[in-house]
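Protein sequence lines correspond, in order, to chains A and B.
For the first sequence, the positions run 40 to 295 when my numbering is used.
For the second sequence, the positions run -5 to 283 when my numbering is used.
Because the hints were derived from the structure by calculation, they are not lab data.
In this text the structure is predicted, and so the values were computed from the model without any measurement.
Relax, there's no trap hidden among the hints.
Footprint (simulated), chain B over chain A, 3 or more residues, beta carbon under 8 Å:
| hint | region |
| --- | --- |
| 1 | 116 to 122 |
| 2 | 137 to 144 |
| 3 | 159 to 165 |
Where a beta carbon is used, it is the ideal one built from N, C-alpha and C, also for glycine.
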Amino acid sequence: MTPLLQVRDVARFYGSRVGCRDVSFDLYPGEVMGIVGESGSGKSTLLNCLAGQLAPDAGEVLFDTRTDGLRDTLRMSEPERRMLGRTDWAFVHQHARDGLRMGVSAGGNVGERLMAVGGRHYGEIRGAAIDWLGRVEIPEDRIDDRPTAFSGGMQQRLQIARNLVTGPRLVFMDEPTGGLDVSVQARLLDLLRGLVREMGLSAIIVTHDLAVVRLLADRLMVMKDGHVVETGLTDQVLDDPQHAYTQLLVSSVLQV
Amino acid sequence: MSDYNFAYLDEQTKRMIRRAILKGLAIPGYQVPFASREMPMPYGWGTGGVQVSAATLTPEDTLKVIDQGADDTTNAVSIRKFFEKTAGVATTEETARASVIQTRHRIPEETLREDQILVYQVPIPEPLRFLEPRETETRKMHSLEEYGLMHVKLYEDISQHGAIATSYAYPVKVEGRYVMDPSPIPKFDNPKMEMAAIQLFGAGREQRIYALPPYCKVVSLDFEDYPFEASKADHPCDLCAAEDSYLDEVIVDDAGGRMFVCSDTDFCRARRAAGHTGAQGVPHKEGTT
Chain A
40 MTPLLQVRDV ARFYGSRVGC RDVSFDLYPG EVMGIVGESG SGKSTLLNCL AGQLAPDAGE
100 VLFDTRTDGL RDTLRMSEPE RRMLGRTDWA FVHQHARDGL RMGVSAGGNV GERLMAVGGR
160 HYGEIRGAAI DWLGRVEIPE DRIDDRPTAF SGGMQQRLQI ARNLVTGPRL VFMDEPTGGL
220 DVSVQARLLD LLRGLVREMG LSAIIVTHDL AVVRLLADRL MVMKDGHVVE TGLTDQVLDD
280 PQHAYTQLLV SSVLQV
Chain B
-5 MSDYNFAYLD EQTKRMIRRA ILKGLAIPGY QVPFASREMP MPYGWGTGGV QVSAATLTPE
55 DTLKVIDQGA DDTTNAVSIR KFFEKTAGVA TTEETARASV IQTRHRIPEE TLREDQILVY
115 QVPIPEPLRF LEPRETETRK MHSLEEYGLM HVKLYEDISQ HGAIATSYAY PVKVEGRYVM
175 DPSPIPKFDN PKMEMAAIQL FGAGREQRIY ALPPYCKVVS LDFEDYPFEA SKADHPCDLC
235 AAEDSYLDEV IVDDAGGRMF VCSDTDFCRA RRAAGHTGAQ GVPHKEGTT
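Please put together the full structure from these sequences, using the hints given.
Below you can see the structure in the form of C-alpha cells.
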C-alpha cells in the first residue's frame, strides 16, 4: 500500500529559533496520527507546514493526489495547493470562529466548499447541507441560523461538517476539542471517531490531551522543543513510554 | 474660454487615468488601481466617474449626464455644469446625440452605438468586499479565480427570501474570467451590458478603474435551479405607457397614491413627443418636458 502522505525532514525556523525540524513520517490511508507535546513544542507549526498554511524552510511533503499520483505539495503552484485545500484536504481549527464564516448561515457555511468546486444547483447544495448537519447532530431547522447563535460544541460540529462535505481524504485537526467542556468533548470525539471510521479518513490530530489521542489515534508522535522524541502505536507509547519526556507527560495526567 | 485646464484635470493626471483605462480595457473586469485626485465635490458624488469622463472628453464631444436615469437631478445637473464650465464641451439630454454619457446607477433605455462611451460612477468596485473585508485576500481570490464565495451570497439570498433578492449591483462574470460589480445599476440593466459602446467604471474614493470593451461577454451569476431574472415593476409607465422600460415608483400624495414612471427621463420625453400617452399622462406639447 502506498502512503497517502509522506513527510521528509520538514523544518521550520523562526529566525534563529527552531519551530520544528527533522520531522519525517508516513501516513497511510485510513490511518489517524496523533501529535502530542507541550505548548511551544512545535506541533502546530508542523501541522501548518503540512497543511500548506506555512511554508517550511526545508523538507518535502508528498501527497498521493487523485489524478497525478504522488506530488510534492510544497512545490505545487498556489492555485493547485488551494484547490487541494478545498477538495482532498480539510482543516479543523481549534477555534470554530477561525474556520467558519460567522456572518453566513450554517447552510451557507457547509455549502461554501461545494460552491467553491463548482456546485451551481441550489437544491443539491441545500440537500447536502441538510444531510451533513444531520450527520453532525445539528437539527435541520437550524440550517438558516448563523453560527453566532450556536453553542461552542455546535460551532465545532458545524466546522467539521463544513470541512467534510466535499469528501476529503486527509483531515488536519488542531486541538479539535480544546475549549469545550468534557461532556461536549466526549460527544464530539464519538462523532469524530464514527466519521473517521465510516469515511475511511486519514487524519493528523494535534492535541495536548492524551485522552483524545487514546480514543482517536492509531499512531502517536511525541514532540518536544521542535523535535520528535518518540513515535509508535498509541497504546504502546502511552502504556510503555520510553523517553523521559513522554514518561513525564503520561504521568502528569490527572486521575479522577 | 475658462481659466481651467481642459476638463479640470492637468494633462499628466489625464494621461495617468488613460493608461489605467487602456489597461482596464485590455483585461475586461479587472480593477486597475489609479491615483485618484481630489475633485471639487465630495466622495460618493461621482468623483471616479468625473475623473474618467475628464480623461475621456475631447473638445468635439457632446456630454450627457444622468443620475438614476434622470437628466434633471442635482448630481446630474451639477456634473453637467462642471464640464460646461471647465471643458466648454457641448451637452445634451438626448441619448442619441451624446458621445460620452456619464451615468449613476442606470444604463439608458435607448440602445447605445459603437461611437459612444458610457462612464459609470462606482461607489464600491469590489464585488467580494462585503463577504471578505481584506483587500489582500480579495485580490488573491481574483487572481486565483476563487469565486465560490460570491455564490455563498446568492445562496444566503435564496435561503432567506426564497429567491435571489439582490436587485442591484448584481455580480457578473466578464468573458468567463473576472467577477465584476456592475456598480449599483438595477439587475434589469445587466443584460444590456453586452453592448456596442465602450463601458468605463470609475471609483474615486476606492481608487479603481475597470472597463468593458464593446460586445464583451457579461454573464450574471446564478444557480441552475434559480436562474438570473431581470426584473422591473410589473406596470406600464404612467406618463408614456412604455411596457419595457425600468420604472421608478413615485408616491404622489399622503393617501397612498402612487405612479410608475420611466426612470430614464429622456426616453420617456421622447416617447411622449412621439405621441405615446400613459394612464396619468397629458398629451405632449412642444417646448415642454
